[in-house]
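Chains L and F, in that order, are what the protein sequence lines are.
The numbers in the UniProt record's numbering rise by one with no breaks, and the one at position 276 of the first sequence is 276.
The numbers in the UniProt record's numbering rise by one with no breaks, and the one at position 265 of the second sequence is 265.
Treat the hints as calculated values from the structure; they're not laboratory data.
In this text the structure is predicted, and so the values were computed from the model without any measurement.
Honestly, I wouldn't trust all of these hints.
When chains are identical, the list treats them as one kind, so a pair holds in a single copy or across two.
[Claimed, not checked] Under the rule of at most 30 Å between Cα atoms (straight-line distance), these lysine-lysine pairs were calculated in the DSS-like manner:
| # | residue 1 | residue 2 |
| --- | --- | --- |
| 1 | K402 | K93 |
| 2 | K456 | K198 |
| 3 | K199 | K456 |
| 4 | K358 | K320 |
| 5 | K316 | K456 |
| 6 | K85 | K316 |
| 7 | K456 | K73 |
| 8 | K402 | K358 |
| 9 | K199 | K358 |
| 10 | K93 | K369 |
| 11 | K117 | K93 |
| 12 | K320 | K198 |
| 13 | K198 | K118 |
| 14 | K280 | K93 |
2 protein chains.
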Amino acid sequence: MLTFMTVRELYEMACSGSTMETDQIEYAQLQGWVRTNRNNGSIGFIELNDGTYFRNAQLVYSSDLANFQDVSKYLTGTALTVTGKVVLTPQAKQPFELQVTEVILEGACDNSYPLQKKRHSFEYLREIGHLRPRSNTFNAVFRVRSVLAMAIHEFFQDQGFVYVNAPIITGNDAEGAGEVFTVTTREDGNYEEDFFGKKANLTVSGQLQAEAFAMAFRDVYTFGPTFRAENSNTTTHASEFWMVEPEIAFADLEDDMDLIEDMIKYCIQYVMDNCPEEMKFFNQFIDNTLLDRLNHVLNSEFVRMPYTEAIDHLLKATKKFENPVSWGMDLNTEHERYLCEEIVKGPVFLIDYPKDIKAFYMRINADGKTVAACDLLVPAVGELVGGSQREERLDVLQNRMKEMGVHEEGLQWYLDLRRYGGCQHAGFGLGFERFIMYVTGMQNIRDVIPFARTPKNLLF
Amino acid sequence: MLTFMTVRELYEMACSGSTMETDQIEYAQLQGWVRTNRNNGSIGFIELNDGTYFRNAQLVYSSDLANFQDVSKYLTGTALTVTGKVVLTPQAKQPFELQVTEVILEGACDNSYPLQKKRHSFEYLREIGHLRPRSNTFNAVFRVRSVLAMAIHEFFQDQGFVYVNAPIITGNDAEGAGEVFTVTTREDGNYEEDFFGKKANLTVSGQLQAEAFAMAFRDVYTFGPTFRAENSNTTTHASEFWMVEPEIAFADLEDDMDLIEDMIKYCIQYVMDNCPEEMKFFNQFIDNTLLDRLNHVLNSEFVRMPYTEAIDHLLKATKKFENPVSWGMDLNTEHERYLCEEIVKGPVFLIDYPKDIKAFYMRINADGKTVAACDLLVPAVGELVGGSQREERLDVLQNRMKEMGVHEEGLQWYLDLRRYGGCQHAGFGLGFERFIMYVTGMQNIRDVIPFARTPKNLLF
Numbered sequence: 001m002l003t004f005m006t007v008r009e010l011y012e013m014a015c016s017g018s019t020m021e022t023d024q025i026e027y028a029q030l031q032g033w034v035r036t037n038r039n040n041g042s043i044g045f046i047e048l049n050d051g052t053y054f055r056n057a058q059l060v061y062s063s064d065l066a067n068f069q070d071v072s073k074y075l076t077g078t079a080l081t082v083t084g085k086v087v088l089t090p091q092a093k094q095p096f097e098l099q100v101t102e103v104i105l106e107g108a109c110d111n112s113y114p115l116q117k118k119r120h121s122f123e124y125l126r127e128i129g130h131l132r133p134r135s136n137t138f139n140a141v142f143r144v145r146s147v148l149a150m151a152i153h154e155f156f157q158d159q160g161f162v163y164v165n166a167p168i169i170t171g172n173d174a175e176g177a178g179e180v181f182t183v184t185t186r187e188d189g190n191y192e193e194d195f196f197g198k199k200a201n202l203t204v205s206g207q208l209q210a211e212a213f214a215m216a217f218r219d220v221y222t223f224g225p226t227f228r229a230e231n232s233n234t235t236t237h238a239s240e241f242w243m244v245e246p247e248i249a250f251a252d253l254e255d256d257m258d259l260i261e262d263m264i265k266y267c268i269q270y271v272m273d274n275c276p277e278e279m280k281f282f283n284q285f286i287d288n289t290l291l292d293r294l295n296h297v298l299n300s301e302f303v304r305m306p307y308t309e310a311i312d313h314l315l316k317a318t319k320k321f322e323n324p325v326s327w328g329m330d331l332n333t334e335h336e337r338y339l340c341e342e343i344v345k346g347p348v349f350l351i352d353y354p355k356d357i358k359a360f361y362m363r364i365n366a367d368g369k370t371v372a373a374c375d376l377l378v379p380a381v382g383e384l385v386g387g388s389q390r391e392e393r394l395d396v397l398q399n400r401m402k403e404m405g406v407h408e409e410g411l412q413w414y415l416d417l418r419r420y421g422g423c424q425h426a427g428f429g430l431g432f433e434r435f436i437m438y439v440t441g442m443q444n445i446r447d448v449i450p451f452a453r454t455p456k457n458l459l460f
Numbered sequence: 001m002l003t004f005m006t007v008r009e010l011y012e013m014a015c016s017g018s019t020m021e022t023d024q025i026e027y028a029q030l031q032g033w034v035r036t037n038r039n040n041g042s043i044g045f046i047e048l049n050d051g052t053y054f055r056n057a058q059l060v061y062s063s064d065l066a067n068f069q070d071v072s073k074y075l076t077g078t079a080l081t082v083t084g085k086v087v088l089t090p091q092a093k094q095p096f097e098l099q100v101t102e103v104i105l106e107g108a109c110d111n112s113y114p115l116q117k118k119r120h121s122f123e124y125l126r127e128i129g130h131l132r133p134r135s136n137t138f139n140a141v142f143r144v145r146s147v148l149a150m151a152i153h154e155f156f157q158d159q160g161f162v163y164v165n166a167p168i169i170t171g172n173d174a175e176g177a178g179e180v181f182t183v184t185t186r187e188d189g190n191y192e193e194d195f196f197g198k199k200a201n202l203t204v205s206g207q208l209q210a211e212a213f214a215m216a217f218r219d220v221y222t223f224g225p226t227f228r229a230e231n232s233n234t235t236t237h238a239s240e241f242w243m244v245e246p247e248i249a250f251a252d253l254e255d256d257m258d259l260i261e262d263m264i265k266y267c268i269q270y271v272m273d274n275c276p277e278e279m280k281f282f283n284q285f286i287d288n289t290l291l292d293r294l295n296h297v298l299n300s301e302f303v304r305m306p307y308t309e310a311i312d313h314l315l316k317a318t319k320k321f322e323n324p325v326s327w328g329m330d331l332n333t334e335h336e337r338y339l340c341e342e343i344v345k346g347p348v349f350l351i352d353y354p355k356d357i358k359a360f361y362m363r364i365n366a367d368g369k370t371v372a373a374c375d376l377l378v379p380a381v382g383e384l385v386g387g388s389q390r391e392e393r394l395d396v397l398q399n400r401m402k403e404m405g406v407h408e409e410g411l412q413w414y415l416d417l418r419r420y421g422g423c424q425h426a427g428f429g430l431g432f433e434r435f436i437m438y439v440t441g442m443q444n445i446r447d448v449i450p451f452a453r454t455p456k457n458l459l460f
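So that you can see chain L by itself, here it is in the shape it has in the complex:
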């Protein structure tokens, strides 16, 4: 019997150990792309990838094949439809092979194909971003990206969180969080005559709008693109990136940290369960401490440490830091990594940061000096998540805005959330790309975004 199958299905069947199914599937038809093709004149081998699975199917063809001469010349990248007999090969490296009876050419590929069977640099592959998902590394990266996105949705939806699409075009700049892109239909900066009748920009955060929805649904989350017009060329900055911003009502900073810890663990476990081949690949070729590190996180209880205590540890450290340490400073990655890698030896929440280095909406602690903020620091990366309890007291919030030069105009709606049945609430922001980098070991944010946008770079 002839069955249309995917490479994933064939692997699942071959590895299930069930012979019943394979008895029924004698002949299978596959469609995919040639990764390699070699032959000795009478017998040939094609590694075929069909995009459904990280590994390839091994096709064996012989000179019995009517179009053997043509088939033996198909180059890497060629698209084929192939029929053949499924033979289990439990002794071999791959669990099955397809003994080919028919090969149909779907799309040719000549030797100008930029993606040859050899190791290409990530820099080179960025220039052919439309082809790089066909390479092993990027195939693995972008499948993990997809699976991790699903993990996030499942984690929140299973607990009844409502998914909110915060607006992308906005008149607010949220937290004054750096430079923003203008959205316009004009070339003269006359925003009063512009499409929206005022200056519009791309959002830097959906948090404030998410807070409004948390006051209706209790638990909500955003998951969408955010933007920064920062002119910095580093491995961790992109102009366009996706953020997850949950917001929970009737909750304090402790609840917030519990949620963050649960989410991180759930998502890591989910990717390990659903992308075992990809994770093996990353551990072998990208970062051979990866699986140990992630397993360690799964089995750790995340420590919670006040900022003030962290500063004490840093001041006492024998290690020499590039940036000098003092209370009130914003920590650098070197400090963050020292704290989680050397002091805690695992993930750590720093809490209760000095108010002057944090945003206006964070709740002032009883000491008057610190805010109920938490940053999750993890080994090898540093900050992964930033969260806080939000200031729900109207008068305290208004004073704080005045202190920090945040204008009430345009934020009356945000203050309304405190005027009308406001309550304790908290939330956090997870940079999705940073999380992908953390889970895959990839070192450059350009390599975890399908088509990355950075200064002077707008390909595709």
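Fit chain F to the supplied structure of chain L, relying on the hints for placement.
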């Protein structure tokens, strides 16, 4: 025993018929917002909504309560923490009530609260977009929006589709599909000196980039925001809206339509299963033909009809149309609705449209006049989905681009997809907001977007 519970959990428990659980949960603590509060001096009733469930919990309190006088004055919108005894009331309208033993004020609300217990117009509620999710209608709309988004992710991920985040900022304008927003950090239109070193705009579609990923993963989908700078104030146009754009390799138009039909049915069923209270509400207060219509769709096989046959039906119609009918025209909503409501009496795919009214990437049929496109028309709405098989033949595609004035410059990467192992493939676009409108019966796109963006309108 005292248990913290949500209103949803209490409803699920009370409606499950299991007395075992209720025996264990004698006392429950709830947190939420007052919807109504009335009393006769000795006994009072609060309808409390906590955002987890469409329906309210009924709280009963008496003058035995220490703060009875205060509680009896709490107005609509007030946030409370409430403890009480759970009593099943199978004879009453609501399946349980909470006999209150303690009420703690979390956040006050005075009578300036703009959302009083009365029917407000949708126009008015748009102006208080930060509060409207607390109203019945918008609470239902935005929960359905969230659940429908999850339905889409589950539908595709369960079949192994890879989720692709197509770029939001782009240098292409995809299909020349109308006016675009410019993204800039300047006010003088000097794009060479701009952030990206060239003119950048907000995407109108992620399809072209999705095609690149389909050539690596076989089956992919996008789900993200897209933008149009069209200066039109209608009930169906917004400047910012979310699109789902699947793309499948080794597939033709028939496969595409199968996928669309499966997706529509899966998502409708999913929302009916997961939002029964909300759907009942829409059917009662928004559109009393809604459930019948959706059930009809679930049980219909979607008809497939060539455009040319559809024109024949329209020409023969006794009904008078505002827009005259002739072969080659783009259909208007009146024609689309006539076809599905009067001729087919159910959902219908129109296929094989004249090439001159469709985009450059659609595959030319053997007749040389039409393209392998499909639009799904549904009763009461008209077009819900637009799809097509893509032109995979490089020379045909290049000719078509020349004919239609689409420049190859900047799209060489797209042509590469045909040069290097291209294959038959197809895809479609679903306007997410239009789908929400279809599933809820809501008539204005502004009422299904958390914070809608339209000309001269950029609140929140």
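**Study point:** Homo-oligomer pair classification [K358, K199; C-alpha up to 30 Å]
**Key:** within (26 Å within a copy, 35 Å between copies)
Check your understanding: Is it within, between, both, or neither for K280 and K93, if the alpha carbons may be no more than 30 Å apart?
Key -> within (16 Å within a copy, 56 Å between copies)
Practice item. Using 30 Å as the alpha carbon limit, work out where K320 and K198 are close: within a copy, between copies, both or neither. Key: neither (50 Å within a copy, 44 Å between copies)
Review point. Under a CA distance limit of 30 Å, which applies to K85 and K316: within one copy, between copies, both, or neither?
Key: For K85 and K316, the Cα distance exceeds 30 Å both inside one copy (68 Å) and across copies (54 Å).
Check your understanding: Between K456 and K198, at a C-alpha cutoff of 30 Å, which is it: within one copy, between copies, both, or neither?
Key -> Answer is both; intra-copy 27 Å and inter-copy 8 Å each pass.
**Study point:** 30 Å Cα threshold - placement of K456 relative to K199
**Key:** both (24 Å within a copy, 11 Å between copies)
Practice item. With 30 Å as the alpha-carbon cut-off, assign the pair K402 and K358 to within, between, both or neither. Key: The answer is within: 15 Å in one copy meets 30 Å, while 55 Å across copies does not.
Review point. Given identical chains, is K456 near K73, meaning Cα to Cα at most 30 Å, within a copy, between copies, both, or neither?
Key: Intra 41 Å, inter 60 Å, cutoff 30 Å: neither.
Practice item. Have a look at K316 and K456 and pick one of within, between, both or neither, based on CA distance no larger than 30 Å. Key: Answer is neither; intra-copy 43 Å and inter-copy 57 Å both fail.
Review point. How would you classify K93 and K369 at a CA-CA limit of 30 Å: within, between, both, or neither?
Key: Answer is neither; intra-copy 62 Å and inter-copy 51 Å both fail.
Practice item. Give the relationship of K117 and K93 under a CA distance limit of 30 Å: within one copy only, between copies only, both, or neither. Key: Within one copy only: 19 Å inside a chain, 69 Å across chains, cut-off 30 Å.
Review point. What label fits K198 with K118 when the C-alpha limit is 30 Å: within, between, both, or neither?
Key: neither (52 Å within a copy, 33 Å between copies)
Hint compliance for this structure: hints 1, 5, 6, 7, 10, 12, 13 are broken, all remaining hints hold.
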